[in-house]
Amino acid sequence: MSRNKTRPGRFAVRIFEKMSRYEEDFSLNGDLEEEFGERMKIQSLRKARIWYLLQALKSLPSYLKYRFSRSFVMLKNYVVTALRYIQRQKGFSFLNLFGLSIGITCFFLISIYVMHEMNFDRYHSESDRIYRVCSEHAWAYHGKNKSAITPAPLAPALREDLPDVETSVRLTDSSNILLSKDGQNFLEDSIIFSDPEIFDVFSFTLLKGDPKKALSDPYSIILSERIAQKYYGNEEPIGKILRYRNEHDLKITGILQNVPENSHFIPDLITSFQFYDIINNVDLTQWSLSSYYTYVKLTEKANLSRVEEKLQEYLEKYAPPGLDLNGFGFFLQPLTRIHLHSDLIAEISANNDIKNIYIFGSVALLILIIACINYMNLITARASQRTKEVGIRKVVGARRIQVIKQFFGETLILTALAILLSCFFIYVLMPHFNGFVGKKLSFDPIGNPEIILIFFSLLLFIGLFAGSYPAFLMSSFRPKSILGGISGKNSRGISLRNGLVVFQFAISIILIIITFVVRNQLNFIKNTDVGYTKDHIVTMRIQDPQIRQNLKGIKSELLNNPKIQGVSTSSNLPHRITNLGRARSIQGSEEDYFALYECTVDYDFLDLFGIEIKIGRNFSREFTTDVKNSAIINQKAATILGYSDPIDKEFITPVHGGKQVQNNIIGVMNDFNMLSLHQGISPMRLRLDPEESQRYLSVKIEEADISATLDYIKERFQAISTTFPFEYEFFDDVFFQVYQNEEKLGLMFNAFSMLAVLIGCIGLFGLASFSASQRTKEIGIRKVLGASVSSLIFWLSKEYVKWVIIANIFAWPIAYILMSEWLKNFTYKTSLGFGLFFLAAAAALGLALLTVLYQAIKAASANPVISLRYE
Amino acid sequence: MRELTVPEEILLTAIWRLKDDAYGVTIRKKVAEVTNRDIAYGTLYNILAQLVRKGYVTKNPGSPTSERGGRSKLYYCITSTGIKALSTARKLQEMIWKGLPVLDDIEE
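Line by line, the protein sequences give chains X and A.
When the letters of the first sequence are read in order and numbered with the numbering used here, they come out as residues 1 to 871.
When the letters of the second sequence are read in order and numbered with the numbering used here, they come out as residues 1 to 108.
Hints listed in this document are in silico derivations from the structure and should not be mistaken for laboratory results.
For glycine and all other residues, C-beta sits at the position ideal for the given N, C-alpha and C.
There may be inaccurate statements among the hints.
One side of the interface only, derived from the structure: several residues of chain A facing chain X at Cβ under 8 angstroms [to be verified]: (1) ALA32; (2) ALA40; (3) ARG71; (4) CYS77.
Looking at chain X on its own, in the form it has when it is part of the complex:
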C-alpha cells in the first residue's frame, strides 16, 4: 500500500483488519471511511489519521469482549453435535472411548507410582537441608567404593564443631527383633537405635511422649502407631514394659506417628543409641569403626564446602596412622536423592533406581501415544462419512478455524468421557497394581488435588495431540467437491493412517520382544549351572541363641530321618557370600593385597551343595588343624595367588588388631557364583569352624513327602525352644530373590506389551470394520463374479497384514539395540536369537490377523443380493 495522501495510516488499518466481525464488517469499514473523509476535509489529514488510529485502539477492548461472547454461542452447537455423533455411532464411539481409557488408565497408574517414588523423604520439613554423610574408600566391594556408613563420633562432632550444622543424628539398625509382651512373643523386622536428635533432623512426630526425653533413658523404646495398635489395641502403651530378645526390659516412652511409605527408612521401633552400646559392647568413641548412619541438617546459610573441609579434617585427624588417605573421604548426600540415586554399600534399605523410573515413564508415555494414535486413526477412517456435514457447515459460512474448533471440541468431549471411565478402571485396578509394584498407593482425588491437575493436563494434551490431525483433516474438505454429488473419497489420509498403524504395531512388537528377552534371561538364570545345587534344599536362619547352642544335637537328630540327605551350617548361603576380606601370598608384600570373599562353613557344606573339589581334599575331622587355619580356595583365588601347586601352600590374611594369620591351603574347589549373575566370579575361600558358622542351617531333603519332612524339622527345633517362630525358605526361592528387579521388569513388560497390542488391535478392529463396510458393494460384485469366500477373506486382510509385517522392519533393530544394552548388565546372558524376533512378529501378526479376520469373514459372507440392491 503506497503512501496515498488520502488514506488513513497503515498500522491503524491493519488493526481494524484483524478485528473481523463478519456481518458488520462492511458497514463498519464504510462508516470509518465516511467519517475519515469528513474529518480530513474539516480538519486535516494528520488529524484524521490520528483520529482513525485512536478509534482503532479504543475499539480493541470491546472487540475482545464481543469475540468472547460470540464463541460461547457456537460452543453449545459443537457440544450438541459431538454428543449426537457419539449417540448415533455408539459401537464405534465406545471402541474409541475404550481404547483411550486404557491408555489413560495406564498412564495415570504409572504417574502415581512415579510421583510416589520421586517424592521420597519430602515428608520432612526442610528436607532440602538434610544430608547423609557417606564414606568413600580406596578398595572396592562388589565394584562399589562408596558406602553409606560412617563412624559413631562423627555426628556429635559435626554438631559441636560446625555452626553450619544445625543439628545431626547418628543411628543404626538391627533386624529380626524379638519382643515379648507379658510372655507373648512378637518378631519385628527392624529397630532403629538413635540419638534424641532424630526428632530434630527429621519431622518424625511423637503422638505421645516427649521427643526431648523419650530416649534419654537407654532402656526406652518408642513404638510406631502400627505396632502400638498391634500390641495394645486401645490400651495405653506408655509406661508398659517390653522385653527385648529375652534379655532386657525396655519401657515404652513414646508413640510415633506413622511415617509415609515413601521414606527411605521407616522406623517402626526406636530405641536409644546408648542401648546399642549396652547390648553390643562397642566403643562408640572409636573413629576406626564405620557402622553407623549419620544425617545432618544444615542451616539455611550453610556453606557446603566448609562442611566438606571439616570432614576432610576429621579424616586426617582420626585415620589410622600410616594409611595412605588417597581415595578415602567423607561426602555429603542430599536426603532426597537417596532413594533413586544412591547405590552404596550398606544402604539402610534397598533403594530404587532412577533408571526404572525413566523406563516406567517412557512406557507410560508410549502407551498414551499409541492410544491417541488409535483415536486419530479411528476418527479419520470415518472422515468420508462426515464430508457432507463439513461441506454444509462451510457453505453456510463456517470458516476453517471454526470447523477445526468443532472437531477439537469433539475430541475433548470424548477424552473427558474417557477420563471418567478411567477413574473407574483405576479404582478397580489399584489393588492389583499395588501388588505388582509392591507399594501401597492410593487413588484419592479428594485428598490429592494434584490428581485433578493431572487429569486436566491429560485432557488438554490428548485433546490437542489426538485431536489435531482429525481436526485439520476434516476442516480441509472443500464444499464444492463434496456437495457436487461426488461422494467423498476414502483415500483421504489413508497413507498417514497406515503409517500410524505401522507405528503402533512397531511399538507393540518392540515391547513383546523386550518381554521375551527378559523372560529368557530370567529362565537362563534360573537354569544356568551356577556351580552348586539349588534344588531340594531348605534353609533356616538361626537367631535363637538356644537353638544355636544345641545345633549339634539338632543336626544328628535330623540326620536320623531317612528323608533327610544332608545337613550343614554356614555363615552364608552360597548365592550370597558377602563377607569380604583381604589376602596376599606369602611372597607378596603390602601392595599385593587383593579382595577375597570368605565363608565360614562346617564339614558337610561342600557335599550338601554339591561343590566339587578339583585338587586336594575337603575339610576332614581327621585333621584337627583344619579348624580355623585351613582354607579351601576357589580356582580364581588359586590363579591370583599364583602357586603352581597350591596344596599345602599358605596365604596371609589380616585380622583385628593389625595381626596377620597364615592360612594353609588344603584344597581347591570349583568356581561358583557367590554373588548374583550380574557379576563374575571373584576369588573366595572357605574357612572351617563348626561353631562359628552357625548363621544358616541348610537341609537337603528328598522330593517325596516334603511337608512331613518339614514338620519333622520344625519339631526338632521347637523341642529346644519356641521363643522364635520357626521359619524356613527353599533355597531356590531364596536364590531367585536376588533377581526380583528383573522379575518385576519382566512382569511389567508383559503387562504393557499386552496392553499395547490390545490397543493396536482395537484400532485395527475399527479400521477393518470400517473399510469392510465401505467395500460392501465391491465385495458383492466380486462374489457375483465368482470369488470364493476364502479368497475374499484373504484379499481383505492382505493389506493390514502387510503393514504389520512392515512394522517389524522398524521394530527389530530398535529392540535389538535396547536389549543388547540391557543384557550388558549381566555377565552371563542369553543370546538374542532370530527365533525370538520371529516369535514376537508372529505373535503380533497373529493377533492382528484375528482382529481383522473377524471383520473380513463377516464382510465376505454377506449376501451380495443385499449389498447390491441399491445402486
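Could you slot chain A onto chain X? The hints should help.
Chain A only, in chain X's frame:
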C-alpha cells in the same frame, strides 16, 4: 424483561431520534451531540449487536456508495419492543428519582 443498560439506553434513544437515518456514523454523531460522549466504533457495534440480539432494533443494509469505498451502510431501526423497553426504562427512572432533589450539573 431485562433492564436496559445505560449505554444501551443512550444508543437506543439516539437511534429513535434519528428515525430513518441511523447508521454507524450518524449514531455516533448523535450520541456525541446529546451526551457529549465519544464512543469508539468498536464499542458502538458491540452494543448495537446486543440491541439486535435483544430485539430492540433491526438491521437493514442500504446500498453501496462511493464515498464509503464501495461499501453499503447498515441502517438500524428501532422496533416496538425497543420502544417498550425505552418507556419502561423511563418509568423506572421516574420511580427511583421520585421525591429526590434535582442535582445541579457541572458545566463542562
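Quick rundown of the hints versus the structure:
1. Checking ALA32(A) against chain X: minimum C-beta separation of about 11 angstroms lies over 8 angstroms; hint violated.
2. The closest approach between the C-beta of ALA40(A) and any C-beta of chain X is roughly 3 angstroms, which is under the 8 angstroms cut-off, so the hint is satisfied.
3. Interface hint at ARG71(A): satisfied, since its Cβ lies 4 angstroms from the closest Cβ of chain X, which is below the 8 angstroms cut-off.
4. Taking 8 angstroms as the C-beta contact cut-off toward chain X, the hint placing CYS77(A) at the interface is violated, the least distance being around 14 angstroms.
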